[in-house]
Amino acid sequence: MSGFAFLFLIVGLGVLGWLFGRAKANRFVLAGKTSFNSLPNYHGWYVALWAMVPVAAFVAIWISVSPAMTSNMVLADPAASNLPEDPFAKASILSEARALSRNPEAQSFNPEAVTLAPIYSEAERHYQLLGMAAALLLGFAGAAFAFLKIRPDFRARSKVERVVLMVLLIASLIAILATIGIVASLIFESIRFFGMVSPVEFFFGSEWNPRKELIAGENNGFGSLPLFWGTIFIGAIIAMIVAIPFGLMSAVYLTQYAPPALRSWMKPILEILAGVPTVVYGYFAALTVAPALRDFAVSIGISNASSESALAAGLVMGVMIIPFVSSMADDSIAAVPSAMRDGSLAMGATPSETIKKVLIPAALPGVVGGVLLAVSRAIGETMIVVMAAGLAANMTANPFDSVTTVTVQIVKLLTGDTDFQGPLTLAAFALGLALFFVTLLLNLVALQIVKRYREAYE
Amino acid sequence: MSEAAAMTAPISPGTRTGTDWKSEAMRKRVARRYASEKRFRALGLAAIILSSLFLAFLLFVMVSNGAKGFLRTEVALPINFPALSGGMSPEALQGAQQKATLTSLDLRGLTEIAIEASYGTDGRQIFARNAWVEVREQLRDNPQLITENATLWLSAASDIDRVNKGDARPALQSLYDDLQARNAIQTVFNTPFLTSSDGVDPALVGIWGALKGSLMTMFVTLLLAFPIGVLSAVYLEEYAPRNRWTDLIEVSINNLAAVPSIIFGLLGLVVFLTWMDLPRSSALVGGLTLALMTFPVIVIAARNAVKAVPPSIREAALGIGASKVQVIFHHVLPLAIPGIMTGTIIGMARALGETAPLLMIGMRAFTATPPDNLSDPSTVLPVQIFLWSDEVNSGFVEKTSAAIIILLIFLLTMNAVAIWLRNRFETRW
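Chains V and W, in that order, are what the protein sequence lines are. Using this note's numbering, the letters of the first sequence correspond one by one to residues 303 to 760. Using this note's numbering, the letters of the second sequence correspond one by one to residues 123 to 551.
Don't take every hint at face value.
[Claimed, not checked] Simulated DEER-style distance windows between Cβ atoms:
id : chain 1 : residue 1 : chain 2 : residue 2 : range
1  : W       : Ala218    : V       : Thr417    : 31 to 37 Å
2  : V       : Ser601    : W       : Phe341    : 27 to 33 Å
3  : V       : Leu341    : W       : Ala218    : 56 to 62 Å
4  : V       : Ala648    : W       : Leu440    : 43 to 49 Å
5  : V       : Arg754    : W       : Ala178    : 48 to 54 Å
6  : W       : Ala293    : V       : Val600    : 54 to 60 Å
7  : W       : Pro433    : V       : Phe739    : 37 to 43 Å
8  : V       : Ile543    : W       : Ala538    : 39 to 45 Å
9  : V       : Glu515    : W       : Leu337    : 41 to 47 Å
10 : V       : Ala563    : W       : Trp397    : 50 to 56 Å
Simulated from the structure, these hints should not be mistaken for laboratory data. Keep in mind it's a predicted model, so treat the numbers as computed, not measured. All residues carry an ideal CB built from backbone N, CA and C; glycine is no exception.
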């Protein structure tokens, strides 16, 4: 609630500042002054920014420190003197009191919480009023400072534009922050994991059967090789056997043979294939494809065929990737200069010979880059394998067998009801870190290939 | 002799014999090459057709499984209200004490008595376990019922529902035939499927809770990803100097666009839930996580759109005294908006279909009430689909497919809008 109050305060101050600043600047215009530096709007924005930015900064700090001050005030109250010494018990009573003060119907287990609740809401109101007053004061001070600076020759526009530039810069830095956030969170938790389980076991062990209770110096079933094998088997082998021929041939047909009407219909249809959510593919794989494959396997004499097979997940994933491969191949074929194609055709080669012997070899780096990106996407894909691939960590090359992948295990480890400090949940972060670096490497290599090749023809 | 002259010089007779196009070997060779050409072409067409057949098959399976999920079986239940309620007056069911009166009536017991009176001891199998809730709702809407010997239409149990939809279950067949003979069964449009939330009984579950969660999550995502994406695209295209920092920004954005989605879930789990202590399972955290995933897509699309605005427009505006910020916000961005919108819609569609990162931040919690607040525990449509797909109760199969149909309708609409925008506003300068 107090967050909304502060938001209204900030916006209100901004609007007021804008109106006053603009009105003052308008007077120059009306007074017939011809040489003013900035339009009245910019003066308005200048005042509004001075009214809003300091208050927003203050509120951000205030919201992060005021809960601690509130609970200190509650603890200083004489009614809190008989609280238990144990800090955990104290904290739980305080949080109950907070819940009670917000919502009187909330459940409470400690009688102390009931007596503390009114004190808590009193303290909260005290600090909220204090914060409001300080914010209001700060806002008016800022606005007044800016308001007094407004003169016909004041360069409001360049000042406002500098702020705009800052905002643009901050927005683009968020990408770096997000990347740092990913790397930091993964590395931080992985280090804790490797403090419990040896990296040697994790990276070279071939048994995945993680145990909750660790025995020091022994293998605890955290060998991740079967997971990586399963990931590669489904994502880089089976899926690509489907996706590469289909994607490449559709790109060739659409760019070289298809009449424009067909092309304009088929491209969106392929895009729909890419837009179907993976949970739908997963459901389809588990409900329709996997049983059909099992029946097929039984009919050709594989008696122990599993209902969750690598083949089902890989096939459906391959279909999901087709449009991706197709559009990458499409781009790189289109980037081949038409002089090369026309030259080949003029020499008497048939279109298919031109495609096979001229276009595809020339476009190969781009196609390879696209395939690498597709592999990277396939090994990071989660829902299809979670729903269709199974949980058994097998190092098998039999496509009808059930295998498990890195992403499946991450989901399994983090959605079970395990405790958040144990090796089981931390293992998920180590797996995530490995996945992140593998896909990062694939992406960087692929982008480099695509980029270098593009430049060669330009 | 110059090179050009050499090229135009006639080939002297005798150095090369002319091709005999009519020889048997040549004809065979040409025929072989043409056949290979035809084969290759057919192969290409086959790839396209098979891909779209797969899509058609997928849609067909979902629609044929899910269409029945939009239908609902109801069974008639005569209830002699005056006898069972002890002659309560409809006034008692109006106004402030309505809730208390309804509670005091013991409608669950009352409904069970009515069921046994009409259908005997087997009757329990006919009605959904929570069918009495519908009795309560009908009474609330129409207190006059309490004075009547009324016949109410209530939800059938999941099993009866499936028999009605043509799924044979021998054990229940006679019960079902009996209902049909009494004309006590009807199939209606399943409105509760659109208005209620997750539950235990497949006959009574609905998608509204998940849909509302999805909309709230999308709201947060859009609110964050759109401005950040557009602003950073503007910075990178219009301001950024070429140096190591901007290269770093660029690499991060391209990399974020290709990072597996589950990694964003891990990020959300550690940063938003553990470090920042935001409420678990909430639309707020879901939206934050998806925003980080979506904004690189928007940045890439917006950059292309901004790049496509010809420099002459910028130069003309600069030439008459506009500042750089004015050029961007008054001229470049308005012209780039269609392209930005297209990219945004595609990014949002992807976020709407995303499941894995939301599983990581706990949005798989069972939420039987729709969220009212951004910090309430909620679930989203794809996660709901995932949870239902795991249900052992076979009645959930058609509900899962029906929820998929709803999700696909949303996504296809968004994609269609994006394609339409692209075609409508595509400008060649």
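message: Please list, smallest to largest, the hint numbers that this structure does not respect.
response: 2, 5, 6 and 8
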